[in-house]
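Asks: Residue numbers (the working numbering), protein chains in the order written: chain A, 1 to 405; chain B, 1 to 405.
No lab work stands behind these hints: they were computed from the structure.
Please note that a few of the clues may not be correct.
A partial selection of chain A residues facing chain B, derived with a Cβ cut-off under 7 Å [claimed, not checked]:
id : residue
1  : 55
2  : 88
3  : 123
4  : 134
5  : 246
6  : 248
7  : 250
8  : 307
9  : 325
10 : 332
11 : 350
12 : 352
13 : 397
14 : 400
List of simulated lysine to aspartate or glutamate pairs, EDC-like, C-alpha gap at most 16 Å [claimed, not checked]:
id : chain 1 : residue 1 : chain 2 : residue 2
15 : A       : 126       : B       : 5
16 : B       : 126       : A       : 92
17 : A       : 126       : A       : 92
18 : B       : 369       : A       : 357
Glycine residues also receive a C-beta, built at the ideal position from the N, C-alpha and C atoms.
There are 2 protein chains.
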Amino acid sequence: MIAFETQTIAGGVTAPAGFRASGVACGIKANGKPDLSILVSETPASAAAVFTTNVAQAAPILVSREHLQRSGGTAAAVVVNSGCANACTGADGLSHAREMTRLTAAAVGCKDEAVLVASTGVIGVKLPMEKVSAGIRLAAGALSPDGGAAAARAIMTTDPFSKEAAAEASTRGGTFRIGGMAKGSGMIEPMMATMLGFVTTDAMVAPALLQRALAAATDDTFNAISVDGECSTNDCVFALANGASGVALTDDDYPTLVAALRQVCEPLAIDIVRGGEGATKLITIRVTGAKTNADAKTTARAIANSPLVKTAVHGGDPNWGRLVAVAGRATRTLVLERARIEVGPVELFSNGTPFDERAAEAADYLRGKDIELHVDLGTGGPGEARMWSCDLTAEYVRINADYRT
Amino acid sequence: MIAFETQTIAGGVTAPAGFRASGVACGIKANGKPDLSILVSETPASAAAVFTTNVAQAAPILVSREHLQRSGGTAAAVVVNSGCANACTGADGLSHAREMTRLTAAAVGCKDEAVLVASTGVIGVKLPMEKVSAGIRLAAGALSPDGGAAAARAIMTTDPFSKEAAAEASTRGGTFRIGGMAKGSGMIEPMMATMLGFVTTDAMVAPALLQRALAAATDDTFNAISVDGECSTNDCVFALANGASGVALTDDDYPTLVAALRQVCEPLAIDIVRGGEGATKLITIRVTGAKTNADAKTTARAIANSPLVKTAVHGGDPNWGRLVAVAGRATRTLVLERARIEVGPVELFSNGTPFDERAAEAADYLRGKDIELHVDLGTGGPGEARMWSCDLTAEYVRINADYRT
């Protein structure tokens, strides 16, 4: 076991050494808000990515995956646009995504295949390539070691706030930094939400190790959130490691790397939920007493996506019966006679007995903005999981029911 | 192949010969509305049942299952209360459910085990047994061959209307009738919805055949609907066949029986969706071009439960990209280049090409109350499925967010 410590620091993707970023407005969004970001590593970086599991994958997903394969897991730049998802756009869409990487490569001086690309916005609409092309030139000229915040703003759609996080980790080889930015479920027009995440580090990490650590850190951060159970055609998380800190991480440092990645990914993931469409409350769901972690995660995910649980939390209703019902449909392993339900600090059901006299206390707790729900499935097993979700509100319906045109 | 025809007739559970029913108010509901129903067959009937797949099963589910086993698939009466689910109520709950069957058996003159019981309402609250006991006596005294409508009203919670259907089927042996009633997702208090269905027939059908036919008919009717993807602790569908028509059905009549059951179960199922909490539109989802029927059903179910699809339909937004995205996450077998999306009569996406110029036409169509969505997954396979759902509205949130007390 290697001793290490990590601590949160200010900043985002440009907090680690050797990264520059920028965000500009180039007219993809009709409202004139920033809509194109570039992130560049001063030296070629190891690169890793986690992509949407959706079978309908957008053109930028296909191109980025292809580039990572061709480059053997290295990259020098990432270009991202908001306002248009470039999904379900056929051969033109693929050609547009490739063109974005070519233009970025030319502007920052690297190979095409060293550029990763991501898009978010409306599905089925083609990119306005003249605007995108001008935007890439503009963004390349604006690259700055202080550009992380601008980049984070330009990947937003209707996110209520931009999302950045950074951390510093110390290990036997020295100190390195990790930075990140993300965007969540809000859209310039009420279309499919896309979750994008970008993580940088100035540690030196081989691509395979970076990929393994990113997958692990994503699993219980970005993959442990849900706003509405939907999975986009464009979801992706990229990680770049450029070694600029001089700290080289080996397989022995895997726990350090995962912990440091989590320290950045977890607040970004939680911020995505806090900024979920129409959300007024963050819900942290903890499931324990499952036979396996997988059972626990299935249950936690079902609770995170339950409209009845999400509306109950919205209304401040300590309606524990809904948690039992969701747990009962999500897993075959609920043992009702030994199960336990807690809403914040208030135990409402235990060993088959409801404590309805505590409902008022639980209702008080639910007036807060940070809500914890705990379900113990009662199997006595070691399985547990945590998920983050938000409440379901009339505003969510309003945002997503408005006709686009 | 046996020739048969079925036609819809007026009435509900007492449309077939030899059934009596009643519905009364006994004070389980604080607002004084009817809350207890009894359904009786004049002669012992074959009985079949389909129960919730939820692991957390309410006391009446456990008792009814036990009675069906002990009686070898026969029953003479069904007692149902609304206003209290008798779920998560421990040993007391079990004893209350048994007591309901004992009281009903005594009042109508049959064995305890010949009585099935169902409950719907708030989870985790015990039944007020004095009121229930008085209600059973009252309902037994009110039993009538015209009591179907009263029974259908007394099983409602906040259903906006009661749900009855009946059909007459002619086969080589003669003419028999099937009747039914159901309740859906609306509650006296905003708690877990429960779907209850009750089907009667005056055909003579052996219990095993009735069970097989009920399971088949339920599969593409009651099991093909979703209001909010939730599955209750109390869901059940009962069928009683008393032979009063003198028409005996054998295994050869299985297609007739299933068709006749579907003719009653399908309108009841659709009415449950129409009366779904906050619903303003019925959505019929058809999925074709899947490799298997199971793939098609998985996709149809995901669309039926997608908050983004349900809000888009609510807002009249022909947002076909959401259908692609849901199909892509629900199945591994979507072939985007050959997939097809239709909103009513309007094709919006086909063979990789969007037809956004038809969006206005599709938006016009979406102003209606009966919406059809068709997704062809493009695999060229024979798999298809149909599901019914409703739109997701701010009213759904309001109903389910209101604090209970």
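Asks: Could you check the structure against the hints above and give me the numbers of any it violates, in ascending order?
Replies: 4, 5, 6, 7, 11, 15, 16, 18
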